[in-house]
Amino acid sequence: MATNKKLGFIYLGSQGNAGSYTKQFVDKLSPHFDVTVFVHSQYDFDHEKEVKVHELGYPFTDSILKDSFLRKPIRYFELIFFYLTTFLILKKSGIRYIINNPVTNLRLDKYFIQLCSLTKIHITSVVHDATSHYDRREQYRDYVFINSDHLIFHNEHSQITLVERLNIKTMYSLINFPWFHHYPSNNLEKEKSFLFIGHDRPSKGLDLLIDAYKDLQTEYNLIISGQITDETKSRVKKIENSGIKLIDKYLSDEEFMKLISEASFVVLPYRHSYSNSSIHYNTYLNSKTPIICSDIPLFDQFKDEVHCIKFPKESLSGLKKALNKVSSLSSDKRNKLAENGFNLLLESQKRIDDQILNFKNNIDHHN
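Quick note: the sequence shown, position 172, residue 172 per this note's numbering, numbers continuous.
It cannot be assumed that every hint is accurate.
[What the hints assert, rightly or not] Dumping the calculated DSS-like pairs for lysine-lysine here, alpha-carbon to alpha-carbon at most 25 Å:
1. LYS192 / LYS120
2. LYS321 / LYS336
3. LYS360 / LYS92
4. LYS333 / LYS258
5. LYS92 / LYS214
6. LYS52 / LYS6
7. LYS320 / LYS238
8. LYS214 / LYS192
9. LYS360 / LYS350
Hints in this document: simulated from the structure, not taken from any laboratory.
Note that the coordinates shown come from a computational prediction; the quantities given were computed from them, not determined experimentally.
Please work from the sequences and hints to get the whole structure.
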C-alpha cells in the first residue's frame, strides 16, 4: 500500500493563532497527505485524522506589544525566527511539499520561497489576495505567486484575474474556501444591529458605511469590530448620538462567532479593489446571518433579494437605500435570505472533496 506524501501546511497569520480556516483545510487534505501543520502557539483544534502540529511560539507582537512603537521592528525578527524554525523542521522531517499561506510579511515570504526552492521543496502558495491592498507590497506578492510551483485559488474571479495579470504558467487549482462546520445559527439576536467585521482597509469601504449610516433613521445600531484605524475612530467620535459601537480588539474564535450570530445583518460595503480577495462571507452565511454587499465580482453568485441585499459598489446613496430596505424587512424575509445564502454555501462546499483530489493528482503529476 502506497504511503501518502508528507505535506507541510504553513499559516503564520498576522493576528495570533490560526483558526477554523486552517482546521477545515487540513481536515480535507489529511485523507490524501501525511500533514504537518505549522502555526503560532495555542492552536486548539482537534482534527478528524492524526495530524502533527508544530506550535512555533507565542506572537508577542500581536498581543503584549500590539500598541507599542517597537512592534514593527520586533515583529520582523519574530517572523524570521518562525520561518527559520519551520524550514529546519521541514528539512529534518523530510517534508518536500508545502502549502504556504502568504498573509503576513510578503518580503519574508519571498525569502522563504527562495530558501525552499534552493533546497528542492515543492511550494504551493494560497492566493488569499490576487492584488494587494498596499501598492508597495505588490512586488513581493507577485514574486511569491510567480515563483511558486503551484497555486491554490479560493474563488474563480481571483484565479482569472491573477493568471491574466501575471501570465501565470505554473500549475494551479481551484478549491472553494474550506471554512465550513456547524456554527451557531443566527438565533441569538439581542438587538437590531448591522455588523462590519475585519481589518479597516480602504478597499473595504468602511468610510462609506459610516457616512451612509450616520444620517439613517433606523432602530439598528452599527457595530464595527476589527483592527480599527485612528482615522475611523476620529470619524465616529465626531458624530453625535451615532449609535455606532467600536470593538477594537483581537477576537477569539468564540467571540468572533458570537458577534456574528448576534447580528441582524453583516454589511460588506467593499470597493472594486477588494474583488480579488478571499471569500470571508462563508462564515456569515454558515451562521445564517444575512448579508448586505456591494455588486463587485466577488459576489456575482449572489442574487439580490434572494441570497443577499445588494447595492451598486461605492455608491453612498445605494448603500443608504439598502440599509433602509433591510430596516423594514420582516423577520420572515430576513430568515429567508439567510436560509437561501446558507443553501448556496452548502452547494459550493460539495465540490471541495473533488477539488482536493484534483490538487493531489496535480502534485502526483509533478512527482
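Going down the list of hints, with the structure as the test:
no., hint, in the structure
1, LYS192 / LYS120, "violated, 55 Å"
2, LYS321 / LYS336, "holds, 20 Å"
3, LYS360 / LYS92, "holds, 23 Å"
4, LYS333 / LYS258, "holds, 22 Å"
5, LYS92 / LYS214, "violated, 57 Å"
6, LYS52 / LYS6, "holds, 11 Å"
7, LYS320 / LYS238, "holds, 20 Å"
8, LYS214 / LYS192, "holds, 16 Å"
9, LYS360 / LYS350, "holds, 17 Å"
Figure legend: structure checked against the earlier numbered hints; hints not met, in rising order: 1, 5.
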